[in-house]
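Enquirer: Here's the letter readout for the chains.
Number of protein chains: 2
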Amino acid sequence: MKVAILGATGAVGRQMIECLEERNIKIDELILLASEKSAGKKMKFKNEEIVVREAKEDSFKGLDVVLGATENSYAKHFAPHIVSSNAVFIDNSSAFRQDDEVPLVIPEINKEDIKNNKGIIANPNCSTIITLMAVAPINKLSKVDFIIASTYQAVSGAGIGGMSELKNQIEELSKDENAKVIPNVFKYPIAHNLIPKIGDACDNLYTKEEMKMQNEGRKIMHLPELKVSCTCVRVPILRSHSISAVVVTKDKLNIDDIKSEMLKFKGVSLVDDLNKDLYPMPINTCNKDIVEVGRIRKDLIFENGIDLFCSGDQIRKGAATNAVEILENL
Amino acid sequence: MKVAILGATGAVGRQMIECLEERNIKIDELILLASEKSAGKKMKFKNEEIVVREAKEDSFKGLDVVLGATENSYAKHFAPHIVSSNAVFIDNSSAFRQDDEVPLVIPEINKEDIKNNKGIIANPNCSTIITLMAVAPINKLSKVDFIIASTYQAVSGAGIGGMSELKNQIEELSKDENAKVIPNVFKYPIAHNLIPKIGDACDNLYTKEEMKMQNEGRKIMHLPELKVSCTCVRVPILRSHSISAVVVTKDKLNIDDIKSEMLKFKGVSLVDDLNKDLYPMPINTCNKDIVEVGRIRKDLIFENGIDLFCSGDQIRKGAATNAVEILENL
Numbered sequence: 430m431k432v433a434i435l436g437a438t439g440a441v442g443r444q445m446i447e448c449l450e451e452r453n454i455k456i457d458e459l460i461l462l463a464s465e466k467s468a469g470k471k472m473k474f475k476n477e478e479i480v481v482r483e484a485k486e487d488s489f490k491g492l493d494v495v496l497g498a499t500e501n502s503y504a505k506h507f508a509p510h511i512v513s514s515n516a517v518f519i520d521n522s523s524a525f526r527q528d529d530e531v532p533l534v535i536p537e538i539n540k541e542d543i544k545n546n547k548g549i550i551a552n553p554n555c556s557t558i559i560t561l562m563a564v565a566p567i568n569k570l571s572k573v574d575f576i577i578a579s580t581y582q583a584v585s586g587a588g589i590g591g592m593s594e595l596k597n598q599i600e601e602l603s604k605d606e607n608a609k610v611i612p613n614v615f616k617y618p619i620a621h622n623l624i625p626k627i628g629d630a631c632d633n634l635y636t637k638e639e640m641k642m643q644n645e646g647r648k649i650m651h652l653p654e655l656k657v658s659c660t661c662v663r664v665p666i667l668r669s670h671s672i673s674a675v676v677v678t679k680d681k682l683n684i685d686d687i688k689s690e691m692l693k694f695k696g697v698s699l700v701d702d703l704n705k706d707l708y709p710m711p712i713n714t715c716n717k718d719i720v721e722v723g724r725i726r727k728d729l730i731f732e733n734g735i736d737l738f739c740s741g742d743q744i745r746k747g748a749a750t751n752a753v754e755i756l757e758n759l
Numbered sequence: 430m431k432v433a434i435l436g437a438t439g440a441v442g443r444q445m446i447e448c449l450e451e452r453n454i455k456i457d458e459l460i461l462l463a464s465e466k467s468a469g470k471k472m473k474f475k476n477e478e479i480v481v482r483e484a485k486e487d488s489f490k491g492l493d494v495v496l497g498a499t500e501n502s503y504a505k506h507f508a509p510h511i512v513s514s515n516a517v518f519i520d521n522s523s524a525f526r527q528d529d530e531v532p533l534v535i536p537e538i539n540k541e542d543i544k545n546n547k548g549i550i551a552n553p554n555c556s557t558i559i560t561l562m563a564v565a566p567i568n569k570l571s572k573v574d575f576i577i578a579s580t581y582q583a584v585s586g587a588g589i590g591g592m593s594e595l596k597n598q599i600e601e602l603s604k605d606e607n608a609k610v611i612p613n614v615f616k617y618p619i620a621h622n623l624i625p626k627i628g629d630a631c632d633n634l635y636t637k638e639e640m641k642m643q644n645e646g647r648k649i650m651h652l653p654e655l656k657v658s659c660t661c662v663r664v665p666i667l668r669s670h671s672i673s674a675v676v677v678t679k680d681k682l683n684i685d686d687i688k689s690e691m692l693k694f695k696g697v698s699l700v701d702d703l704n705k706d707l708y709p710m711p712i713n714t715c716n717k718d719i720v721e722v723g724r725i726r727k728d729l730i731f732e733n734g735i736d737l738f739c740s741g742d743q744i745r746k747g748a749a750t751n752a753v754e755i756l757e758n759l
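Listed in order, the protein sequences are those of chains H and L.
For reference, each letter of the first sequence is one residue, going 430 to 759 in the numbering used here.
For reference, each letter of the second sequence is one residue, going 430 to 759 in the numbering used here.
The set of hints was computed from the structure by calculation and includes no laboratory data.
It should be emphasised that the depicted structure is a prediction, and the values quoted were computed from it without experimental measurement.
Honestly, I wouldn't trust all of these hints.
Unchecked claim - With a straight-line Cα cutoff of 25 Å, these simulated SDA-like cross-link-like pairs (lysine to any residue) come out:
#, chain 1, residue 1, chain 2, residue 2
1, H, Lys681, L, Lys431
2, H, Lys572, H, Lys547
3, L, Lys705, H, Leu634
4, H, Lys695, H, Leu634
5, L, Lys616, H, Asp706
6, L, Lys727, H, Lys547
7, H, Lys681, L, His651
8, L, Lys681, L, Thr636
9, L, Lys637, H, Lys695
10, L, Lys717, L, Lys681
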């Protein structure tokens with residue numbers, strides 16, 4: 430199998446290389462593609478050093494799979510060339526997620542959709558993946574009606590630049606707590622701050638990021654009527670996203686049944702004993718493939734409502750790991 | 430007027446001294462009381478240096494008002510002595526908040542309850558104050574049925590110790606990102622982390638902190654049927670709490686009406702223009718008395734639902750400022 434990573438030098442691209450290696454995926458040749466300015470860089474895969482090449486329209490000939498870790502515009506530009514080269518494009522951008530011809534897949538939830546692909550498979554939004562990993566076991570017991578979610582999103586969602594911006598600001602402020610830090614990747618300083626806007630504004634005053642959980646959730650879980658009201662907030666954390674959610678189902682569920690379903694669900698780790706101080710936390714999920722779920726309790730408002738808190742690594746299960754799992758399921 | 434601060438050397442006590450000075454409250458004598466180990470310390474009030482005295486049962490004779498900034502056990506211990514000295518006890522602990530004889534007051538919302546006091550007036554929980562400041566203007570237009578809230582709570586909620594723990598951990602980790610930080614005030618490291626448990630566990634698997642928003646909200650807003658499902662999360666931020674909330678009212682409301690009500694509401698600052706990147710943020714509310722409210726939008730699930738995000742300083746409006754405002758209204 431010949432595989433390329435398009436956007437290999439970014440946070441998600443680098444993680445894809447690591448995931449391919451960790452999971453021991455049989456690859457005859459790995460090709461690393463990036464923009465002109467990254468071409469020539471050397472990156473390690475297994476015991477090999479691979480030279481990054483500039484991505485061009487004719488870069489995809491003879492490839493079987495292209496893992497995409499670029500922005501929408503590059504994904505849109507290269508997709509037709511990938512497809513016409515007969516490679517499958519597993520794309521982490523949001524360019525094709527709502528395309529009816531493109532399956533949107535979290536393998537633990539809807540891997541059967543992969544077979545409907547016509548050359549492109551979309552990887553969902555990071556917060557959506559982490560939330561749905563916690564919601565899917567509940568949905569197995571009773572269809573989910575609606576979800577109210579508030580996110581606690583790490584800076585890695587804005588790439589390597591977001592991560593170094595937080596680190597630099599923290600360093601500056603720990604030397605001089607009145608230092609005037611200048612934001613660049615984010616609109617405002619993120620150290621010691623929260624930014625309750627991720628993505629552009631929509632007409633309904635939600636952000637595009639906030640609407641993804643409903644739009645992508647409907648498609649992934651095959652729940653066309655699903656409603657999600659979501660508030661996305663950037664927090665000063667490096668790479669794990671967390672979500673506080675109320676999940677309301679058609680039928681009334683039992684907490685113990687939900688917990689046993691969580692225990693059976695691949696990719697989920699149930700961390701839930703409030704009295705023993707066991708609950709999901711970013712420090713525990715950071716750089717791991719698992720999504721932790723906990724704080725499971727009966728909601729105080731909705732008869733059929735369940736509250737929970739979940740946490741997962743944004744770069745891994747929120748992006749690279751999920752894409753590589755799609756590849757494994759091809 | 431003779432005023433004492435009980436617990437003057439803690440984060441809230443110190444802030445009370447500052448608030449009394451800033452607001453130019455006419456005080457003939459300010460007495461600073463604390464535990465034995467803090468007695469003898471000198472603290473500044475206006476141009477005076479005041480020596481902290483050890484709080485004793487007979488410390489309250491001749492006083493008019495005692496502002497309490499201690500833990501529950503001290504509040505409970507000293508309350509009868511304060512009341513029998515004919516001073517009014519404005520208590521920031523949670524010891525008396527649910528006592529039927531004790532008004533629980535946010536002056537902008539229910540200052541008329543102050544007159545029912547029998548010597549004790551309770552200051553509400555910090556997250557509750559900041560959330561209700563955002564919810565009260567909506568409640569003026571139509572009674573609130575229920576609230577779904579997720580909090581982003583600063584470390585100042587755990588006092589001066591919580592603040593120095595975050596600062597120290599951040600410093601350690603910015604020198605060596607693999608440093609093993611040892612938590613003390615918090616159960617786990619808080620730098621680069623979230624802790625989704627504040628307060629002890631209740632039988633219903635909510636925490637005591639989470640139940641306060643419903644229990645205190647009912648009493649303050651005179652809404653005995655109010656339901657609140659809340660998830661409280663500690664975030665690595667120094668002193669401003671933020672809350673993401675869905676507020677559902679009896680009647681359907683108009684966003685413009687809500688915004689004009691917010692603009693009229695004392696203590697609230699409407700910061701709400703998503704396209705211009707204006708929304709509430711901890712860096713803007715830190716060390717200020719105002720509660721910022723924004724991200725106001727029609728909820729996607731509930732016909733009568735409004736989503737919002739609010740932020741306010743935990744030590745000020747969440748504690749000291751509110752107590753001093755109660756004093757002003759006495």
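Enquirer: It remains to establish, for every hint, whether it holds in the given structure.
Expert: Hints and how they fare:
1. Distance check on the hinted pair: lysine 681(H) and lysine 431(L) sit about 57 Å apart at the alpha-carbon level, beyond 25 Å; violated.
2. Of the pairs offered as hints, the one joining lysine 572(H) and lysine 547(H) is violated, with about 29 Å between alpha carbons and a cut-off of 25 Å exceeded.
3. For the proposed pair lysine 705(L) and leucine 634(H), the alpha carbon gap of about 12 Å is at most 25 Å, so the pair holds.
4. In summary, the hint linking lysine 695(H) to leucine 634(H) is not supported, as the alpha carbons are separated by about 36 Å, beyond the 25 Å threshold.
5. Simply put, lysine 616(L) and aspartate 706(H) have alpha-carbon atoms about 8 Å apart, close enough for the 25 Å limit, and the pair holds.
6. Distance restraint check for lysine 727(L) and lysine 547(H): the Cα-Cα separation of roughly 38 Å exceeds the 25 Å cut-off, and the hinted pair is therefore not satisfied.
7. At most 25 Å may separate the alpha-carbon atoms for a hinted pair to count; lysine 681(H) and histidine 651(L) exceed this at roughly 31 Å.
8. Annotation: proposed proximity of lysine 681(L) to threonine 636(L) is violated, straight-line Cα distance about 31 Å (limit 25 Å).
9. Of the pairs offered as hints, the one joining lysine 637(L) and lysine 695(H) is violated, with about 33 Å between alpha carbons and a cut-off of 25 Å exceeded.
10. Under the criterion of a C-alpha separation no larger than 25 Å, the hint pairing lysine 717(L) with lysine 681(L) is inconsistent with the structure, at around 33 Å.
Violated hints for the displayed structure, listed by number in ascending order: 1, 2, 4, 6, 7, 8, 9 and 10.
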